[in-house]
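Sequence order for the protein chains is U and X.
Count the first sequence with the numbering used here and you get residues 1 to 593, in order.
Count the second sequence with the numbering used here and you get residues 1 to 65, in order.
No wet-lab data here; the hints were simulated from the structure.
Since the structure is predicted, the reported quantities are computational estimates derived from the model, not experimental observations.
No false leads were mixed into what you were given.
Simulated restraints on C-beta separations: (1) Ala428(U) to Gly22(X): 39 to 45 Å; (2) Tyr557(U) to Met7(X): 38 to 44 Å; (3) Gly348(U) to Ala25(X): 49 to 55 Å.
No residue lacks a Cβ here, since even glycine has one placed at the ideal position from N, Cα and C.
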Amino acid sequence: MRPEPHLIDYAIILLYFAFVLGIGFVLKKHMKTSTDFFLSGRSIPAWIAGLAFLSANLGAQEVIGMGASGAKYGISTSHFYWIGAVPAMLFVGVFMMPFYYGSRARSVPEYLKLRFDEKTRGFNAISFAVMTVFSSGVSMYAMGKLLQLLLGWNFTAAILISALIVLAYTSLGGLTSAIYNEVLQFFLIVMGFIPLVYLGLRDVGGWGGLKARIANDAMVHSWKYMGHSNANPMGVEWFGMLMGLAFVLSFGYWCTDFLVVQRAMAADSMTAARRTPVIAAFPKMVFPFLVILPGMIAGVVTSSKLHDTRAEQGIIAGSAAQSSFFTGGKGIIPPKYDAAGNPVKADGKVVLDYDLATPMMLVRYFPSGLLGLGLCALIASFMSGMAGNTTAFNTVWTYDIYQSYINKTASDQHYLWMGRAATVFGLAISLMAAFVAKEFNNILDVLQLVFAFVNAPLFATFMLGMFWKRTTGHGAFWGLLGGTAAAATHYGLTLPAGAVPGVKGGYLGPILHVYPSEMAQNFWTAIFAWVGCFTLTVVISLLTAPRPEEELKGLVYSLTAKPEEGGLKWYQKPATLAVIVLVLLFGLNLVFW
Amino acid sequence: MGFDIRMPIGMLFTLFGILLIGYGAATQGSAMYAEHSLGVNMNVWWGGVLLVFGLAMIGLTRMRR
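Can you build the whole structure from these sequences, using the hints too?
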């Protein structure tokens, strides 16, 4: 059957929209200074900041992408959560937050300015701002395409309406509004996905039944087949996994990306800021069950009643539409179709549209009513990701670009106004990027590749900056550039198996190494970037004059007093909570090893 | 700052719960439950969970004061 949302489903979605906007309107009167708008007046309790920390990262691409990855690789996808997020979240909370929060920096680039120099901040601020608006555009495009394919909604209307709602509540209520809505969205995503997992698991006969149906041992173990890259569907071995994903990429994202760090900076005290990512780590640990399991289930269940809706929407024409949407698909995951409506094939095998795994699960298991809630969860994840990008962008733009380079001496009211204006034009650029992506898919692939190169070395800079007082501004800046160049060079000289030189790598000419998968190539690109940045930063720092220690107080580990924890109960101490998370994490890895 | 976020969350989920329970009761025995949710009227059941969750959130707001 075609997923036909009824009145009840639309009522649920509209009710959600009304609440989201209402929160923005009520908060408007609290936005008096730029600090209120960009940093929530540093007054957010730890649990709220913690859930927002998690939710800001939980965009639609995360929900859809992890479902797709679950369908493709199985339970090993949980590495992206268990080792690829949680340890870094604990680290940023326990060890790095004292410098982010304690230095009173208003953004991550501003910390770089305090610790290093203007050029390092400028490089990070500009690359971050550009990256944020474009990745927001990419996810808008993905969501618009999805809603169009799944429900027959108009692409333009779908992304325009969601962008306008996000625009309204973030420009009215600033970061507080984004954070409050992220908490709401967190509960919606959880409450929308639990029944999906429940019904799916019940249908296949629980975890045992799912294992039996998947009938591929490598897809139901996370570590057992990581010994060699040929043994598991990801094509990655344990070293690349640990070093590339768990260390470089994960720490690079969770410890340095302003999108998430901003939520902790808004917390109401130093201990609350340190607890923020640690609190977020608890739900993060169980999210694999909500987002990965649906993808895995989608690969093994069937439904005769799902049919092709694309002919009705004029996406494909004529004869191709006569054949079933799912011919050649796997479970309820349909094949990918080209513009003419024929299944895309590679090496004689049909290419599956894995991104539809989770959405198809909603259509398969949710009756009208619950379907509204499920769609709401999907739209909520989309909006929370977009709002996260928007608030991070308007802060970096206003404080680190506009106030630093364009207009240094304006009144606080002017910067508050500029923050609202940046919200508008940031979203406008994202929207344009989404429409460009619709026409020229490759442009954004290239952009995302460039962003990956810029991001990969970041953690080396922050780690050296925070824990080695000898690191200098010149070392940091040239190290970052060198790390980016190392990433681009490694990527340009290698290819994943079966790919042609171009956006997939190998553009520099000679192919020195062929990786078993794109994922392996990405992990190793990150490793090269990190090592390049680390080495270059150390060498140049040793060759340049150090900053006097006086200036580095509160910015570097060895020159900063340990945070006071005297009056705290055991469950309020970030380090104690982190140890509990680590024990649970170890248990989860053992159970699903 | 502002207001207690648990209040709007509680209100929204309470309304969702009432809507789903009402819709589920009205569509009891509909073929869509057999087709989608394994014969279970998930609207009523999950609506109930949402209602309890929503009321609990509102209750937490009250307790604080």
